[in-house]
Amino acid sequence: MKKLIPFVLFMILMLLLYIGLSLDPKEVPSPFINKPAPEFATYDLYKNDIKISKQKMLGQVWLLNVFASWCYSCRAEHQVITEFTKNHQTVVIGLNYKDATEDAKEWLKQYGNPYDFVAVDKDGDIGIEYGVYGVPETFIIDKKGIVRHKNIGPVNRDSLQQTIIPLVKKLEAE
Amino acid sequence: MKRIILFLMVLLFSSTASSVTVEVYEFTDKQHESLYKKMITELRCLVCQNQNLADSNAELAVDLRAKTYKLVTEDKTEQEIINWMTEKYGDFVLYKPQLNSKTYLLWGGPFLLGFLSIIGLIIFVKKQKTTVEIEPEDLKKAQELLK
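As given, the protein sequences belong to chains C and B, one line each in that order.
Under my numbering, the residue at position 130 of the first sequence is numbered 130, and the numbers go up by one with no gaps.
So the number in my numbering is just where the residue sits in the second sequence, counting from 1, plus 1000.
In isolation and in its complexed conformation, chain B is listed as follows:
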């Protein structure tokens, strides 16, 4: 039993070890470290496209991590790093698109859809409520039948 537990634990750790990035950077400032970690998870590796810089071992990702480290230790802010990256690789490098004229529809779309569906719902409900007009003759007939 113990062996099985040990084996499972080894399995668990082996899977986490493979996702850890190779190079180790030393930070003297805690804020730098957290910003670095935040940036590399939010920036896309352009070679592999569906991985962020933190998860990728492509050479470009290694280089861009080094660049991010350099920018962070130079006391650059998050926005400055984002600007630096988008200047070179375009908005595509960001997993979270910035709000600008090109992305208004992307950010506003869900709200717009929600708004439109609420209007649609109101119209639908109102239509359901309207009572059906019954012709006076029909009403008379019905009343006579019910007598």
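Here chain C stands alone, though its shape is the one from the complex:
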């Protein structure tokens, strides 16, 4: 019995270390999951008279993909997003975060524009409302306007196939 105590203590320590090491400090849990997406109202990058808001998106599942021309990892992600929009009807809105209009247009010309709308967030106010702290970030919002998933950092093929597509399909069936 006496010999068992150090062993048990050791196992507890190992368990705590294991939990500590398996957590990713870069991934801050989003407080938005299962909460209503913040309201916003802005205009489209190409057509200033098109108003984009959360209210208009109610009734359908949509993705909000935060991107910027100055963001390097957005380039790799952009291919994955483009692939997604080719195979799925789901509306994807690009949130052009803290970017110059001309730079954003140039970037989309070069890498292609998969977005249904490109919402302009020049001062980053919408980004702050959505708790964006590292571009790119992607939100999945359901028919009732509730945030159901947040992908921090670039969406890759694995997270697209394993998380995003199954969730979007499930939400669209709801």
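No lab work stands behind these hints, which were simulated from the structure alone.
Quick caveat: nothing in here was measured; it's all calculated off a predicted structure.
Treat each hint with caution, since some may be false.
[What the hints assert, rightly or not] Cut-off 25 Å, straight-line C-alpha distance, at most; resulting in silico cross-link-like pairs (SDA-like, lysine to any residue):
| id | chain 1 | residue 1 | chain 2 | residue 2 |
| --- | --- | --- | --- | --- |
| 1 | C | Lys35 | B | Leu1094 |
| 2 | C | Lys122 | B | Gln1098 |
| 3 | C | Lys35 | B | Gln1098 |
| 4 | C | Lys122 | C | Ala76 |
| 5 | C | Lys35 | B | Trp1084 |
[Unchecked claim] Here are the in silico distance ranges between beta carbons for each label pair:
| id | chain 1 | residue 1 | chain 2 | residue 2 | range |
| --- | --- | --- | --- | --- | --- |
| 6 | B | Glu1087 | C | Met14 | 35 to 43 Å |
| 7 | C | Asp125 | B | Leu1112 | 38 to 46 Å |
| 8 | C | Leu23 | B | Lys1002 | 54 to 62 Å |
| 9 | B | Glu1137 | C | Leu9 | 35 to 43 Å |
For glycine and all other residues, C-beta sits at the position ideal for the given N, C-alpha and C.
With the hints as your guide, set chain B onto chain C.
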């Protein structure tokens, strides 16, 4: 000698100058100013993670300082600003975690450990005190040997 002193003074000031935040906000209310300063030292910059908003020059930190300034001048209380921040960025934005069901162990842990070690200590001390029972035969033998 004077030159050396001057040089050292310049060194001293250069190091403090680099930690000063760039933008300057004007406050008409002294209370606003102190609350603003308190908030930006207690809120974490999420991009750099090991710096607070006051020390960081990351763009997000600049934006969040501006937001804090706005909230402070709108007469928001400390708790209201904390709520606003945690609503958007979660508890992680706070350097000092709030007391809630998730953090009971964090706040109570040290007290719990202290309590347990005191109990352990008491048990240990009590064990030490217990006199060893000596068999009557052994006692007799000992007494005879000592004669």
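Cross-check of the supplied hints:
no. : hint                                : verdict
1   : C:Lys35 with B:Leu1094              : holds (21 Å)
2   : C:Lys122 with B:Gln1098             : violated (33 Å)
3   : C:Lys35 with B:Gln1098              : holds (20 Å)
4   : C:Lys122 with C:Ala76               : holds (22 Å)
5   : C:Lys35 with B:Trp1084              : holds (15 Å)
6   : B:Glu1087 with C:Met14: 35 to 43 Å  : holds (36 Å)
7   : C:Asp125 with B:Leu1112: 38 to 46 Å : holds (44 Å)
8   : C:Leu23 with B:Lys1002: 54 to 62 Å  : holds (55 Å)
9   : B:Glu1137 with C:Leu9: 35 to 43 Å   : holds (41 Å)
Violation of the numbered hints given earlier is confined to hint 2; every other hint is satisfied by the structure.
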